[in-house]
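S.K.: The chain contents come next:
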Amino acid sequence: MSAPLSRKSFLTLTGASLGAAALAACAGPSTSGGGTTDKSTSIDWSKIKPAATISFMSSHPGKSRETELKLIEAFHAANPDITVNLITGGSNYEEVAQKFQTAQAGTEVPDVVVASDVWWFRYAVSGTVLALDELLNAVGVSTSDYAPGLISDYEYNNKQWAVPYARSTPLFYFNKDHFKAAGVPERAPATWSEFSEWAPKIKAAQNSASGYQNAYQYPAIAGYAGWTLQNVLWGMGGSWSKEWEITADAAASVSAMQWVQDSIVKDGWAGVSSKNAITDLQAGAVSATISSSADLTATLKAAKEANMRIGVGFLPGGPVSASPVCPTGGSGLVVASKTAPERQLAAAKFVTFVTNAQSAATLSAATGYMPVAKDADISAIVAQTPEFATVVDQLKVTRTQDFAKTFLPGGDQELAKAATKIMNEKAEVKATLSDLRAALETIYTKDVKPKLKS
Amino acid sequence: MGRSDIGAATQRTPTTTRSNPARLATADAVLPPGEAALPRPPRPGLEARRWNKRSRRDALVFVAFAAPNVLLILLFTYRPLITNIYYSTLDWTLGAASATSVGLGNYVEFFDSPDASAVLGVTAIFTVTTVGGAMALGLLVALTLNQRLKGRTFARAVVFAPYVLSGVGVGLVWLFIFDPTYGVLSWMLRGIGQLSPQWVNDPKLALVMVILVYIWKNLGYCAVVYLAGLQSVPPQLLEAASLDGASSARRFVSIVVPLLSPTTFFLLITTLLSSLQAFDIIRIMTPSGNGTSTLIFDSYLQAFGSYNRAGYSAAISVVLFLALLIMTAVQLRFVERKVHYS
Numbered sequence: 001m002s003a004p005l006s007r008k009s010f011l012t013l014t015g016a017s018l019g020a021a022a023l024a025a026c027a028g029p030s031t032s033g034g035g036t037t038d039k040s041t042s043i044d045w046s047k048i049k050p051a052a053t054i055s056f057m058s059s060h061p062g063k064s065r066e067t068e069l070k071l072i073e074a075f076h077a078a079n080p081d082i083t084v085n086l087i088t089g090g091s092n093y094e095e096v097a098q099k100f101q102t103a104q105a106g107t108e109v110p111d112v113v114v115a116s117d118v119w120w121f122r123y124a125v126s127g128t129v130l131a132l133d134e135l136l137n138a139v140g141v142s143t144s145d146y147a148p149g150l151i152s153d154y155e156y157n158n159k160q161w162a163v164p165y166a167r168s169t170p171l172f173y174f175n176k177d178h179f180k181a182a183g184v185p186e187r188a189p190a191t192w193s194e195f196s197e198w199a200p201k202i203k204a205a206q207n208s209a210s211g212y213q214n215a216y217q218y219p220a221i222a223g224y225a226g227w228t229l230q231n232v233l234w235g236m237g238g239s240w241s242k243e244w245e246i247t248a249d250a251a252a253s254v255s256a257m258q259w260v261q262d263s264i265v266k267d268g269w270a271g272v273s274s275k276n277a278i279t280d281l282q283a284g285a286v287s288a289t290i291s292s293s294a295d296l297t298a299t300l301k302a303a304k305e306a307n308m309r310i311g312v313g314f315l316p317g318g319p320v321s322a323s324p325v326c327p328t329g330g331s332g333l334v335v336a337s338k339t340a341p342e343r344q345l346a347a348a349k350f351v352t353f354v355t356n357a358q359s360a361a362t363l364s365a366a367t368g369y370m371p372v373a374k375d376a377d378i379s380a381i382v383a384q385t386p387e388f389a390t391v392v393d394q395l396k397v398t399r400t401q402d403f404a405k406t407f408l409p410g411g412d413q414e415l416a417k418a419a420t421k422i423m424n425e426k427a428e429v430k431a432t433l434s435d436l437r438a439a440l441e442t443i444y445t446k447d448v449k450p451k452l453k454s
Numbered sequence: 001m002g003r004s005d006i007g008a009a010t011q012r013t014p015t016t017t018r019s020n021p022a023r024l025a026t027a028d029a030v031l032p033p034g035e036a037a038l039p040r041p042p043r044p045g046l047e048a049r050r051w052n053k054r055s056r057r058d059a060l061v062f063v064a065f066a067a068p069n070v071l072l073i074l075l076f077t078y079r080p081l082i083t084n085i086y087y088s089t090l091d092w093t094l095g096a097a098s099a100t101s102v103g104l105g106n107y108v109e110f111f112d113s114p115d116a117s118a119v120l121g122v123t124a125i126f127t128v129t130t131v132g133g134a135m136a137l138g139l140l141v142a143l144t145l146n147q148r149l150k151g152r153t154f155a156r157a158v159v160f161a162p163y164v165l166s167g168v169g170v171g172l173v174w175l176f177i178f179d180p181t182y183g184v185l186s187w188m189l190r191g192i193g194q195l196s197p198q199w200v201n202d203p204k205l206a207l208v209m210v211i212l213v214y215i216w217k218n219l220g221y222c223a224v225v226y227l228a229g230l231q232s233v234p235p236q237l238l239e240a241a242s243l244d245g246a247s248s249a250r251r252f253v254s255i256v257v258p259l260l261s262p263t264t265f266f267l268l269i270t271t272l273l274s275s276l277q278a279f280d281i282i283r284i285m286t287p288s289g290n291g292t293s294t295l296i297f298d299s300y301l302q303a304f305g306s307y308n309r310a311g312y313s314a315a316i317s318v319v320l321f322l323a324l325l326i327m328t329a330v331q332l333r334f335v336e337r338k339v340h341y342s
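Sequence lines, in order, name chains A and B.
Following our numbering, the numbering of the first sequence begins with 1 at its first residue and continues without gaps.
Following our numbering, the numbering of the second sequence begins with 1 at its first residue and continues without gaps.
The set of hints was computed from the structure by calculation and includes no laboratory data.
These figures come from a predicted structure and were not determined experimentally.
Hints should not be assumed to be uniformly reliable.
A partial selection of chain B residues facing chain A, derived with a Cβ cut-off under 8 Å [unchecked claim]:
id, residue
1, W92
2, T100
3, G103
4, T181
5, S288
6, Y307
Selected chain A positions facing chain B (Cβ under 7 Å, derived; list incomplete) [to be verified]:
id, residue
7, S30
8, S208
9, S210
10, G211
11, S274
12, D280
Note that the Cβ used here is the ideal one computed from N, Cα and C, for glycine as well.
Just need the whole structure built from these sequences, with the hints factored in.
M.R.: Below, the structure is given as structure tokens:
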């Protein structure tokens, strides 16, 4: 221990430590004002050569990792000069968003990122992703190549910020055997009032079954409440918001959420899933639920193996509106703005390739996501899985989600908090929704309004 | 560490004892550790020059050994701490390139909002119950495992095992146990004709659930540390007490507990700090913090759980840091007085 440290090694050590200091000095935000600049406007894309390597960060929505690798392989075959590395960014959209946002503090960001309905807008506003209009032009793809209802979801400030990728709608899943045992029609109910007539019979027929819980299971609150409850709200003439005006505590919204609470507390035929409503349905613990169409293929496969008959149908309507009462969901692909133009061009080539007609059909067949390309040929999928026709047909009667759910940072969390109080804690509906409105309005005034470009 | 400390350290190194062995040996023997740092009288002539050279070289060696660590601590502990305090004064959306300064605005907002009382309340409940629970049960387990029992070594390993498991794994497995539809617990309850409580959906039960799992995971740590403490209790003291007619309860209260006080103090500090920073189990079992938002988890949710409010989240982190700082200072200042170091 007493051996002296040589001057040279001491200096080396010190140098290494200082090097680490420099390395750790990654950039925080600037407070000098200014904000974001739109880089895409000043680039002549025809003079740019696409980069040789780019990365694609995904959560493999709908258990699609193998399919994504297949799509990348096909892309490599069509574009031998570009290599795409698939990065697992987490197990859901939120985890991917977390990684992408924290990556902004460093120097290396993923080129193409999966962004859910709640994330692309925040990226667009904070300037971390690129407007795609010119890039799409540069690679010879038009927005009219995509399903119109799906591509228009990503417009803001007259620009296109993402292209649709793994897009879903919620579907009504039900256990046909349970419906049959109760003597009700083996189809999805047309309206919620029809279902509330069936529900007590369905529950009564299963009452002796061990572990049976409820005729209907609301999806797990975290991640699903804000999305799927829009269906009940819209059917009864309510909504979370109308554009930027928060309507969560309007009379129609209050009575819709009161109906939800009654179905659980007063009438006792519905429950709330702890984690995964589809698993609850597969376990035979509940007779019906609402879940993403992304679960379709896997659910039907598992049901077949378990000798269980599961049916799917449109989301039920309400007394005010029978249709459209179905929100779309899922994710699109965005291109990071922090990287070099060469990488952005390569990213655009990749993004348009994995969402073209053929790739879209491949992803749809493997998962249950909607075909995002207008010309995607889905006849083979429907032949193999007839239930898939429901997904495609329902796409025609979808409604754009409420801004409060998609565009307010933390809006989804606030909706989930309010839903928890109403559905799990029997809280007074009107008061809870008034608090919710106040919280959402604060978020809008503080975090969104100042950043909106007129 | 001051220069005089360096001198004290070098006095005990073998190389320096050569210069004046007798004198150094006396100094070491007579002076308690704290006082050995007194400045030494200057030495005349050649010897002093040699000493100075040696002393300089030893000081350099000290710096060479200490500097990298000090630098690393500065870099990876103090620098983020100070940066975080700076971020807490900003209105900054996570990932955005620019931010506006709001001074103490984030703190005012936190303490004004209903979240503050909820979050601080949950933090207090979680911390008190997990620290108290793990220490009390840990002591009980340690007392049991301190007996001469068959399979004692195996039992000790089993008790300690959860502590070294990954919190994520533990959380996932316990989620399966608590799941009201296909969990083991609900299966057992169905056996007696009961439906499972809504562990995840009911915020109160969710907090109970994470507390139970956290205690289960950290019990082994307290048990092992207490076991070590128990084994250092001198048996002759206990024997003497029982010869004097002290009951086993009396021996425990009057001899074992006071002698364990350094162990208890150590455990109190370490488990309090780790409970206040508990994250993995809460994140895995209740990802949206339904009823389980402690300070550290709320800080995470505000920045990464879809709100993206990095500045506000940093302010909550600073509140947590101050709470930890004050608690540790109070413990060191007041609680340690009541501790007996044999």
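S.K.: Determine for every hint whether it applies to the structure shown.
M.R.: These are the hints, each one checked on the structure:
1. W92: 5 Å, holds
2. T100: 6 Å, holds
3. G103: 12 Å, violated
4. T181: Because about 5 Å separates T181/B from the closest Cβ in chain A, which is inside the 8 Å limit, the hint holds.
5. S288: 4 Å, holds
6. Y307: 4 Å, holds
7. S30: Result: holds, 5 Å to nearest chain B Cβ.
8. S208: 12 Å, violated
9. S210: With Cβ-Cβ at 6 Å, under 7 Å, it holds.
10. G211: This hint holds: G211/A lies near chain B, its Cβ roughly 5 Å from the closest one there, short of 7 Å.
11. S274: Constraint on S274/A satisfied, holds at 4 Å.
12. D280: OK, holds: D280/A within 7 Å of chain B, min 5 Å.
In this structure, the hints that do not hold are numbers 3, 8, in rising order.
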